[in-house]
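Take the given structure of chain A and dock chain B to it, following the hints.
Number of protein chains: 2
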Amino acid sequence: MKGESLITREKREIEARGDEDKSIDPANLEMFEVARRAGIETVFDRLERQEPKCPYCYTGVSCRNCVMGPCRITAKADRGVCGATADVMVARGLLRNTLGGTASHVDHARHVALTLLHAARGEAPYPIRDEAKLRSLGRALGIEGAESMPLRELAERVALLALEEIGATHANGGRWLRMHATQERLETWSRLGVLPEGGMLPVLEGMHRTSMGNDADPVNLILGCIKAGIADGFYGLHLSTDLQDVLFGTPRPKFSSAGMGVLEAEYVNIACHGHVPILSEKIVEAAEALQEEARKAGAKGIRVVGICCTGNEILERQGIPAVGNELNSELVVATGALDAMVVDYQCIFPSLAQIAGCFHTKLITTAPIVKIPGAEHIEFEERRADEVAKEIVRLAIESYRQRDPGKIHIPKFKTEVVAGFSVEALLEVLSKINPSDPLAPLVDSIAAGDIKGAVAIVGCNNPRVPHDLMHVELAKELVKRDILVLATGCAAHGHAKAGLMKPSGYRLAGERLQRVLKALGEAAGLEALPPVLHFGSCVDNSRINQLLKALAEKLNVAIKDLPVAASAPELTTEKAISIGTWAVALGVTTHVNPLPRIMGSELVTELLTQKAEELLGAKFIHSPDPRESADMLEEVILEKRRKLGLAA
Amino acid sequence: MKGESLITREKREIEARGDEDKSIDPANLEMFEVARRAGIETVFDRLERQEPKCPYCYTGVSCRNCVMGPCRITAKADRGVCGATADVMVARGLLRNTLGGTASHVDHARHVALTLLHAARGEAPYPIRDEAKLRSLGRALGIEGAESMPLRELAERVALLALEEIGATHANGGRWLRMHATQERLETWSRLGVLPEGGMLPVLEGMHRTSMGNDADPVNLILGCIKAGIADGFYGLHLSTDLQDVLFGTPRPKFSSAGMGVLEAEYVNIACHGHVPILSEKIVEAAEALQEEARKAGAKGIRVVGICCTGNEILERQGIPAVGNELNSELVVATGALDAMVVDYQCIFPSLAQIAGCFHTKLITTAPIVKIPGAEHIEFEERRADEVAKEIVRLAIESYRQRDPGKIHIPKFKTEVVAGFSVEALLEVLSKINPSDPLAPLVDSIAAGDIKGAVAIVGCNNPRVPHDLMHVELAKELVKRDILVLATGCAAHGHAKAGLMKPSGYRLAGERLQRVLKALGEAAGLEALPPVLHFGSCVDNSRINQLLKALAEKLNVAIKDLPVAASAPELTTEKAISIGTWAVALGVTTHVNPLPRIMGSELVTELLTQKAEELLGAKFIHSPDPRESADMLEEVILEKRRKLGLAA
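So the sequence lines, in the order shown, correspond to chains A and B.
Going by our numbering, the letters in the first sequence line up with residues 1 to 648, in that order.
Going by our numbering, the letters in the second sequence line up with residues 649 to 1296, in that order.
Just so you know, these hints were derived from the structure itself, not from any lab.
Hints may be right or wrong, so weigh each one.
As the list claims (entries may be wrong) - Straight-line alpha carbon distances no greater than 27 Å define the calculated DSSO-like cross-link-like pairs of lysine-lysine that follow: (1) A:K549 x A:K254; (2) A:K11 x B:K724; (3) A:K554 x A:K640; (4) B:K1259 x B:K1291; (5) B:K659 x A:K76; (6) B:K1080 x B:K1197.
So that you can see chain A by itself, here it is in the shape it has in the complex (with noise of 0.2 Å):
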C-alpha cells in the first residue's frame, strides 16, 4: 500500500541513529548521556519504541468516529462501513486535527479576553501596560470615542467585542477577521464559503461534520479545514497577541541569552512552559518580589527561565533567558538543577512527570484541563494571580533545598540572543531611515532584490526529524541567499541557540542582505539585525500576517504575491496543522515537514499541494531535506517575483 515504503524507510532511519543524528543542539547531545546513566526515557527513546508505525493511521485511511468501526481502507475494503471512501477519511482526519490547533489557540484568546475583562473591571491584578495599543485597536474595531474613553472602559469594551466574536453562533459582523484581514483576501475566502463566523462555531460545525454520516465530499471538508484555519488566525492567533499586548505590552527589541546554559547551579531555577503569557509573567514578577526569601534559602536569588512559547512570551517582553524548545523539554529536567517548572498549557509531555520524578524538581500543573498524575496541581486563577505565582515560586524555594548536588549536570552552551521585533518595533527602527515613510526603505529593499524575499519559519519540534537540523540549516540556506527569515515558536528557539538571533549572526546572510542588515542594525543602534528575526510565540505568527498585510496594501497588491513563503520544518501538533492552512489561506505558500496524514488519499494531496493554488494563490509544499526545501522556498520567491516584474 501506499506509504509503506515511506514507513520502511523510516523505521531503518529511525532506528539507525545514534544519538548525534538525533539533535544538533550541544547541550541535548550531553544530555543524552546523562539522561542515559540516570536510567531515564525520553521522547527520542520513545519514538522508537513506536517503531514500524501503523500504515492506515500513518497515511490517514483510517476512521474511528464512530462504532461500527473501527475501520480503514484495504486491499479487499475500499470503503469504511458506512460508506466512507479513502478520501473522506483522510479529509476528516486531518479536519478533525485542525480543529484540535484552532480549539487551542482560540481557547487561549478566550483566556486572555477574559484576563482583559477581568483586569478592566479591577477583578485582576493585570494593569494595561500598552494604552497605545488599546486605543489603536479601539479605533481598528469601530469603537466610538476609542480615543479619549477612560482607559479601563475601553479595555472592558474591547474584551467584550473579543468575547463576543469568538462565541458568535452566526456571521454577524467579525470585526477582528476585518481588522487584520486584507479585502482581496475577504473577498476570496467569501467567494469559497470559508468565511468563519466566529472562534468557536467553526470548531462546533467541524466537528459535526466530521461525525459519521455528515460531510462525505473531500473539496467540502478541505474546505472546512480552511474555515477553521481562518479562524485560527483571527479569533485564535491575532486575538491573543493583540491582547496579550494590551496587558503585557508591545514587544521591543532586547538583548538575552539561550540554550541551556542559562541555568545556573547557584539560583532556585524555575521554568516556565507552556503558551500564556498570563501566568508566566505573573512568575516573573512573583520571583523578582521573592529574591530575599531565595537568598535566604542559600541560593544567589531566583532565576526564571522560558521553554516553549510561553518561553518566548516572557522573552520578548521581559528578556527573560530561553533554557530551550520542546525537545528540550524533557533534557532540561534531566540537568537536576531546576526546582521547579510551572506549566500552563500545549505542548507539555505527560512524560515530564516522570522525569521530574527523578529528581527533587516540582512539576506544577496549573491549569484546569491539564492535569498529570505525578505533577502538584496549583490552580491558577487570573482574579488571585499573585498570590498564586507567590506560591509556586515560594515551592520552587522550598524544593531547592531539596536539591541533590550530585544530580547536577549543565551543559555550558549558550547563545546571546537579540528578540522582540514586534511590527510596531520593526516600524519604529524604519523610521529612523524614513520617517515620514517607514515601510519605504523595507519595499526598496525587497524591489531592489536586497532583500530577496522573506520567509518565516514557524512551529514545532518533531523527533522524528533531528532536533533543530531543519530549522537551522533551512534558516541558514535562505538566509544566504539574501531571503530574510522571521522566526516564532520552536524553530526560533532553535535559530537563537544556534546563533542566528545575535546581531554577529548577520554574517551568515549573503552579502546583499548583510548590507540591509547593517543599514537597519545601525538604525536600531546594533551591530546588525540579525538575519532572523525573533517575532515571538506561535500565536505571534500573526505578527508575520500584520506585516505582510501592510506590505501588501503598501504595495497596493494581494499577500499571493508578494515575495514571502513560509516554513514549519518540524511539525509536529494541530496547532501547526491549523496555522500553516491559515497561512495558506493568506496566500502563502508552506513547506511543511513530516507530512500530516494526507499520504491516503491521491486526491486530497492534490487539493493541498496544487488546486489550492488556484483556489487561495497558496499551497502546501513538501521536503524532508534542507537544501531541497531552500530551493523550492526560495523558487516561490523568485516567481512571485518575476510576476511583479522584480529582477531575480
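For chain B alone, kept in the frame of chain A given last:
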C-alpha cells in the same frame, strides 16, 4: 493483547452470518436478496470486509492527535511518543468521540434557534405553532412579561437567549441548564467541576485539552466527557426539542404506520432522512401543496415517508409514516420505488449516493456541511424554505417520470404505530384520571409495583448487532417484567416495526403492566397504551429527562434514586456516546452495546462502569445479550425500589 480475543470472536461471528442473522426486519430480509441480484453493496457487506478490525483502534490504544505519531500501545511501547499512556489515549479518544456527539446536537440546536429568530423577525416562513409552549418557556427562562408579550417579540427574546447560551464564552447564568436540571444535579455537577458554561465552549475546551501536550490525567479527561455530555443534554437535546415544539407544535399521540410497506408504487415517494424538522416539515407541506402536479405526472399523489430521526420528527407531529431506521436506509433506496431521498444531516451513509445511482432515485443533500459526491445538492435556506421545499418536491415528481417499473420491489410489511408521547401529552392523559394531580396515578402505579420501573431504549442501529434484534428483544423482555419502555431514535423505529408501539401490543406486557396500560389507554381513548411509548427523535431524549425531573420533584428524591435505567443496545454514533454520558450524568444507569473504544484502559473502564456510581449515582453497564441485558437493567430497577422501600 486485551481485546484480541473479542476481535477474533467478532470476526468469526460476523463472517459466519447468513442473511437471516443480519436483521430481524422482514423487509430487510426480503430486500437482501433483491439488492444482491442488483449487485448492490450494503452496509452489511462492508462490515464483513472490515474484518478483522484493528486491535489498537478497537480498544482505543492508538493516537493520531499529533504528527510525532501515529502511536499505539504495544508490548514494547507502554507510552506514545509524547508520553501518553494507554489510559490517556483511551480517555482522549473517548472525549473526542463525545465531542463529536455534543457538537452535532448543539449545532442542530443552533440551527433551530436561528430559525426561530428569523421566524420571529418575519424573515423566515415559519409560524409559531405552539404559543403555550413558548410562553411557558419564556416564564421558565425568567423573561419578564412572558405571559403577555407579543408572541413574536417573545420568540425573538427566547431565540436570542438560546443563541447567547450556546455561544457563552464563560460561566454566565446557564438558564437553559437550570431550567431543565434538578437542584441536586446542579450541585453534584458543580462539585465535580463539570457544569458546562454553554453549548460550544465544552467542545472547544475538549478539543483543546485532547490536543498534544495538554490533559494527561485520564480522570480529568473523563470529567471532560461528562461535561460535554451535560452540554449535549441541555444545549443540544433540550434546546432543540423546546424550540422545535414552539415552531412545529408539541407532539400529541397519533396513529400512523411503520415499515417498508408504507411505500406505494403508484405514488411519488419522497423519503426524508436526517434529523431536523426544519426541512422535513416544509417537505411535508410542499408535498401536500403539489399533489395535483404529481397526479398530472401520472402518479396517484405524493407520499412522504420518514427515515431515522427526521422521520420521527414528522411522525410525532404530522403522523407521517416511518419507512425505516438507519439500517433500512440503503435498502429503502433499493426498492426502486423512491423518487427522491432528501437528507439534512447526521447518519446519512455516504453509500446512499452509490445505491441511488443504480436507480432513478434522486439523492438530494441540502445542508452546506453535508455534501456527497454523486448526490444533487440543493441548499436549504430557512429564509427561502417554501421555495426550496417546492423545488425539491418538483424534482421528485420529475424523477418519478424516470422510474423503471421493472426495478421496483416493495416488501409488504407495515405495522400500525401510535407516536407522539410528549410529556405534555402524557400529562393530559394522566389528568383524565386525576385532574388535580396528574402525576399521582403514575406514581401510585410505580409505588404499587404495577409499573416496576421504566427503561429508555434509545439510539442507533449498528450492523455489528443483528439489526433491531437488541431493541426488540430487550424491550419484549422488559415489558414482560412489568417494566415500561420509552423509546426514541432508531430504537423507536425498531419497536414500531415489531408491533410494540400499537395499542394491541399491550398484550406483550406482564399482567400488572397490562392493567395500567389498559387503564391509561382508556383514558386516552385508545384500546390501551402501547407497552413501548414512542418518545420521538434522538434529541427528544430531552423529553425523558423532563419526565424524570417531574417525577423526582414530585417524589422529592433525586433522579438517581428513581427505578429507571436506559439502554443504547445498538450503539453506533458519537451522538449516542454523548447522550449516554448525559444519561449517566443525570443519574440514570445506562446499558450500552457494542462498547465504545475503552477496552484498552482498565482505569477508564472501571471509572465508567464502577466508580461513576460513587460520583454520579449511575454508571455504564454492558452486555451483548438481550436477556442478560434485561436482567441487568431489572436489577438496577429492583435495587432502586429496595432503596426507596418499595416492594420488588
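Evaluated hints:
no. : hint              : in the structure
1   : A:K549 x A:K254   : 25 Å, holds
2   : A:K11 x B:K724    : 15 Å, holds
3   : A:K554 x A:K640   : 17 Å, holds
4   : B:K1259 x B:K1291 : 19 Å, holds
5   : B:K659 x A:K76    : 15 Å, holds
6   : B:K1080 x B:K1197 : 21 Å, holds
The earlier numbered hints are all upheld by this structure, with none contradicted.
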